[in-house]
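Participant: Residue numbering for the sequence shown follows the numbering used here, beginning at 4 and increasing consecutively.
Don't take each hint at face value.
[Claimed, not checked] Pairs of lysine-lysine, DSS-like flavour, derived with a Cα cap of 25 Å:
no.	residue 1	residue 2
1	Lys33	Lys305
2	Lys350	Lys305
3	Lys186	Lys172
4	Lys25	Lys55
5	Lys33	Lys55
Keep in mind that the hints were calculated from the coordinates and are not lab data.
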Amino acid sequence: MGKLDLESIANSLAGLGQVRLKSDACIRGKSPWATCNYCRDVCPVGGIELAKGYPEIRECQRCGLCAVACPTGALADPERTHSFYLVRGQESIAATGQACFTCSRQAEEQKRDEWIAASCLGAVAPEVMVALAVKGQVAFSYHTDRCAACPWGPKGEEVFLASFNWAQKTIASMGLSEQRLYKGSTFATLSSNRKTPGKGTGYAYGTAAMGRREFFRSLVRGLKLQGVKVELASSPSAQLVNVSRTAILQRAVMEARPTGGYSANACLELASLEITGSCYLCNICSRLCPAGALQLIEGELKFYPARCTHCGLCQAVCPHHSLTWGENLSLEMVATEGCCILATATKHRCNKCGETFRANLWAEECLRCALNRQLPGRGAGKEGG
4 MGKLDLESIA NSLAGLGQVR LKSDACIRGK SPWATCNYCR DVCPVGGIEL
54 AKGYPEIREC QRCGLCAVAC PTGALADPER THSFYLVRGQ ESIAATGQAC
104 FTCSRQAEEQ KRDEWIAASC LGAVAPEVMV ALAVKGQVAF SYHTDRCAAC
154 PWGPKGEEVF LASFNWAQKT IASMGLSEQR LYKGSTFATL SSNRKTPGKG
204 TGYAYGTAAM GRREFFRSLV RGLKLQGVKV ELASSPSAQL VNVSRTAILQ
254 RAVMEARPTG GYSANACLEL ASLEITGSCY LCNICSRLCP AGALQLIEGE
304 LKFYPARCTH CGLCQAVCPH HSLTWGENLS LEMVATEGCC ILATATKHRC
354 NKCGETFRAN LWAEECLRCA LNRQLPGRGA GKEGG
């Protein structure tokens with residue numbers, strides 16, 4: 004019998020799972036008007052089908068790209084969640100001052116014990132990059148030739164570069180040096196600069212959300228990585244924390260907020276919501292919003308930018324197509340979890356039937372007349388003729 008190799012066993016066990024769908028978070032199940040297809044388009048092996056509405060995973064090689072492409076977190080590898088990569092990075096920064104990510108396909112002799120092996124560099128979400136850059140330096144072992152030789156390469160490289168570039172712009176707008184994020188084929192680790200984990204070392208999100216196999220792998224890593232303390236869960240079924248990407252980003256923006264707040268022109272490269280047409284405050288968009296970013300409260304439609312996942316469902320279901328993307332989100336609004344009022348109900352008299360109704364300032368006719376005009380064979384057809 005050969006020598007028992009714990010790392011090899013962990014690698015073998017980790018390959019048994021696949022990405023899973025949390026159907027109640029998928030916007031395709033909330034409305035027939037939802038047309039999101041990010042997961043299907045990004046899958047490098049064509050393993051996701053949308054013929055029946057919900058994504059159907061026919062083949063999964065656990066690259067993790069669909070989990071980054073999905074705006075609502077409906078798709079995730081239960082053992083390699085965004086929270087897992089975040090806390091692994093925090094552990095490394097606490098111990099060495101730097102989090103170094105590498106592709107799991109990189110040759111074993113080129114890896115280092117303190118490096119974090121991601122299934123694909125594209126599986127590390129941009130919000131995680133930003134959150135780690137707030138704590139210390141984040142480096143990615145990126146080789147264009149390796150991506151070219153990888154079956155996930157074109158899609159994985161595209162997603163990684165898009166995430167990396169967005170994260171760099173974001174930390175720059177937050178007043179942090181772009182040098183906190185680095186990608187390249189060679190870089191120096193800060194292993195000689197080890198720290199002892201303790202208060203203020205960045206364990207803001209608790210234990211990483213992971214399955215049993217990845218938890219076992221973390222024990223093996225803990226034996227190798229000096230200065231990192233691995234704490235056992237009280238039981239195998241103990242509930243582990245899984246934080247949404249919007250929450251990860253909001254916390255990072257809040258932590259980096261300077262005294263006195265962000266300047267008025269400091270923005271994220273993420274669009275805010277605007278209303279450019281009639282709004283009857285019908286509550287469809289706010290009821291269906293999967294993140295609770297839209298709320299109808301006492302005759303006001305409120306938008307909470309820090310919660311928005313930019314899934315676009317609100318725009319798809321708006322009967323009047325009045326919701327649209329506007330200017331970039333204010334960093335201060337995200338950091339303080341503020342809200343803006345998109346529409347306020349005011350009293351009107353319908354130009355068609357004379358009935359009184361309540362809607363925003365753009366509306367000139369009541370909801371019934373507006374819907375009748377939009378129905379096929381009614382006023383819409385006559386206007387075109």
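Participant: Against the structure shown, which of the earlier numbered hints fail to hold, in ascending order?
Facilitator: Nothing - there is no hint that the structure violates, so all of them hold.
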